[in-house]
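> All chains, full assembly: derive it from the sequences and hints.
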Amino acid sequence: MTSLVAPLQFNIVQFDFYRGSYPREINLPFLKNLRLKYILSLTPEPLTNDPVMAKFCDENGIENIHIQCCKKKENKDKDKDKDKSTPKVKKKKKPVPIEYSVVIECVKFLIDRRHYPCYMHCTNGELVTSLVVACLRKFSYWSTVSILNEFLAYNSSINIHERNFIEQFHSEIEIDNLNLKDKVPWISLQHVGWNKEDKVQNAEITRINSVPGMLPKLKFHSL
Amino acid sequence: MSPQDTLSGESISNEVSQEKYHGESNENSDENQILVGQAPAKRIVPPLNFCPVERYLYRSGQPSPVNFPFLLDLNLKTIIWLANEEPQDSLLVFCDRHDIQLQFAAINPDGGEDDNPWDGLTEHSIINALQTIVDQDNYPLLVCCGMGRHRTGTVIGCLRRIMGWNLASVSEEYRRFTGSRGGRILVELLIEAFDTNSVKIDHNRAPPWLLTALEQPE
Numbered sequence: 001m002t003s004l005v006a007p008l009q010f011n012i013v014q015f016d017f018y019r020g021s022y023p024r025e026i027n028l029p030f031l032k033n034l035r036l037k038y039i040l041s042l043t044p045e046p047l048t049n050d051p052v053m054a055k056f057c058d059e060n061g062i063e064n065i066h067i068q069c070c071k072k073k074e075n076k077d078k079d080k081d082k083d084k085s086t087p088k089v090k091k092k093k094k095p096v097p098i099e100y101s102v103v104i105e106c107v108k109f110l111i112d113r114r115h116y117p118c119y120m121h122c123t124n125g126e127l128v129t130s131l132v133v134a135c136l137r138k139f140s141y142w143s144t145v146s147i148l149n150e151f152l153a154y155n156s157s158i159n160i161h162e163r164n165f166i167e168q169f170h171s172e173i174e175i176d177n178l179n180l181k182d183k184v185p186w187i188s189l190q191h192v193g194w195n196k197e198d199k200v201q202n203a204e205i206t207r208i209n210s211v212p213g214m215l216p217k218l219k220f221h222s223l
Numbered sequence: 001m002s003p004q005d006t007l008s009g010e011s012i013s014n015e016v017s018q019e020k021y022h023g024e025s026n027e028n029s030d031e032n033q034i035l036v037g038q039a040p041a042k043r044i045v046p047p048l049n050f051c052p053v054e055r056y057l058y059r060s061g062q063p064s065p066v067n068f069p070f071l072l073d074l075n076l077k078t079i080i081w082l083a084n085e086e087p088q089d090s091l092l093v094f095c096d097r098h099d100i101q102l103q104f105a106a107i108n109p110d111g112g113e114d115d116n117p118w119d120g121l122t123e124h125s126i127i128n129a130l131q132t133i134v135d136q137d138n139y140p141l142l143v144c145c146g147m148g149r150h151r152t153g154t155v156i157g158c159l160r161r162i163m164g165w166n167l168a169s170v171s172e173e174y175r176r177f178t179g180s181r182g183g184r185i186l187v188e189l190l191i192e193a194f195d196t197n198s199v200k201i202d203h204n205r206a207p208p209w210l211l212t213a214l215e216q217p218e
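Quick note, the sequences are listed as chains B and R, same order.
Quick note on numbering: the first sequence equals residues 1 to 223 in the UniProt record's numbering.
Quick note on numbering: the second sequence equals residues 1 to 218 in the UniProt record's numbering.
No wet-lab data here; the hints were simulated from the structure.
Be a bit skeptical, because a hint or two may be false.
As the list claims (entries may be wrong) - Here are the simulated DSS-like cross-link-like pairs (lysine-lysine), alpha carbons at most 27 Å apart as the crow flies:
hint	chain 1	residue 1	chain 2	residue 2
1	B	K94	B	K37
2	B	K181	R	K200
3	B	K108	B	K219
4	R	K42	B	K183
5	B	K71	B	K94
6	R	K200	B	K217
7	B	K219	R	K200
8	B	K37	B	K71
9	B	K71	B	K55
10	B	K32	R	K42
What the hints assert, rightly or not - Stretches of chain R that chain B covers, calculated by requiring three or more beta carbons in the stretch to come under 8 Å of a beta carbon on chain B:
hint	region
11	66-76
12	167-173
A virtual CB, placed ideally from N, CA and C, is assigned to each residue, including glycine.
Here's what the structure looks like:
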């Protein structure tokens with residue numbers, strides 16, 4: 001049996017939703033086993049610029065979605081067709097490498113359950129991916145402590161900017177043209193079961209109160 | 001319930017597809033699910049070091065009462081507890097009340113008085129735990145120990161070996177959950193030396209993801 005090499009920082013976020021670092025040739029047999037439909041790349045350049053990856057995606061019927069981030073400043077001459085034409089303003093070094101717009105784009109893509117199995121990656125599988133996953137967990141109503149606990153498994157530390165980025169994420173995201181039955185369940189859906197269970201006879205259960213108004217919201221237009 | 005898992009293309013036994021984990025079941029018509037217009041007043045707190053390992057298989061540190069609502073959502077059937085000592089009473093009561101089978105996998109069942117909580121797992125107890133893990137009947141399943149680091153990491157590491165993962169990938173995953181003091185070399189040696197043939201896999205009862213991993217070309 002050949003041995004499978006998972007991409008660095010590889011893990012499962014939810015069923016059929018994986019995360020990790022930039023895939024390399026050595027990871028291809030492993031990735032093939034995941035039977036992916038999509039690869040979501042949070043990188044400066046599209047994954048398919050790499051001929052090996054382009055061939056792999058092509059052969060396995062995997063679509064590549066590129067959400068550009070962490071692009072280094074450069075001359076305008078290299079125009080990519082998928083690029084959003086954002087006006088170039090000179091910026092100071094950003095406190096975190098991504099903007100909320102990246103998270104929002106991810107949510108808009110990941111909310112559709114037809115987009116799975118999906119592998120989401122950035123360059124090293126650490127900061128950018130972790131920030132996006134942390135924001136996604138807010139849609140599952142995870143407590144901040146649990147979100148940061150997960151974040152720290154992939155990053156040796158967290159600074160105040162990263163923490164703020166996660167805590168202050170409460171955008172209202174407009175979702176167009178998505179039938180509710182095609183929404184993944186783990187985003188903004190809750191099990192009623194434990195509301196019923198949440199009674200006095202279940203004295204062993206402790207609940208954590210939330211701070212209101214700090215969560216992101218979804219707005220569906222297709223209903 | 002109408003056919004599910006169009007998302008994954010895999011077919012799993014009815015028993016499991018009827019589980020109503022809020023993160024996984026797909027049918028909007030599921031009467032136990034509601035669309036949340038407003039965020040709930042309480043937050044969800046997964047246990048320390050919680051992480052999904054594969055579908056319906058999870059790992060974590062010792063769950064405490066703040067984690068119980070989250071555990072209820074997972075609709076667990078079995079919890080494997082990897083320690084000599086008993087878990088907190090609250091967990092015992094919780095498992096009892098919600099019909100969760102709590103399987104004790106003592107570190108060294110034959111050790112008697114000489115048994116130390118900081119010892120690594122013996123091969124015997126690893127095989128024991130894995131024998132439960134390769135049986136779909138026990139799912140959804142949570143593997144946990146005190147902190148969800150070394151003992152859980154050993155068992156999951158050996159599972160990854162069975163799945164044909166490269167040893168470096170196994171170690172990377174193990175170390176990710178070991179906190180700031182890093183991995184223990186003895187645990188990694190244990191994982192490396194583990195004989196993957198010592199676990200008997202019944203193909204009719206194994207979870208689908210395990211079969212996928214096993215059927216890869218030579």
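> The structure should be examined with respect to each hint, and the outcome stated for every one.
Going through the hints against the structure:
1. K94(B) / K37(B): Outside the cut-off at roughly 33 Å; violated.
2. K181(B) / K200(R): 40 Å, violated
3. K108(B) / K219(B): 11 Å, holds
4. K42(R) / K183(B): 23 Å, holds
5. K71(B) / K94(B): Holds, because 12 Å separates the two Cα atoms, which is no more than 27 Å.
6. K200(R) / K217(B): 47 Å, violated
7. K219(B) / K200(R): Status violated; Cα separation ~50 Å.
8. K37(B) / K71(B): Holds, because 26 Å separates the two Cα atoms, which is no more than 27 Å.
9. K71(B) / K55(B): Holds - the C-alpha atoms of K55(B) and K71(B) are around 24 Å apart, at most 27 Å.
10. K32(B) / K42(R): At roughly 39 Å apart (the allowed maximum being 27 Å), K42(R) and K32(B) break the hint.
11. 66-76: holds (count 5)
12. 167-173: holds (count 5)
Comparing the model with each earlier hint shows violations of hints 1, 2, 6, 7, 10; every other hint is respected.
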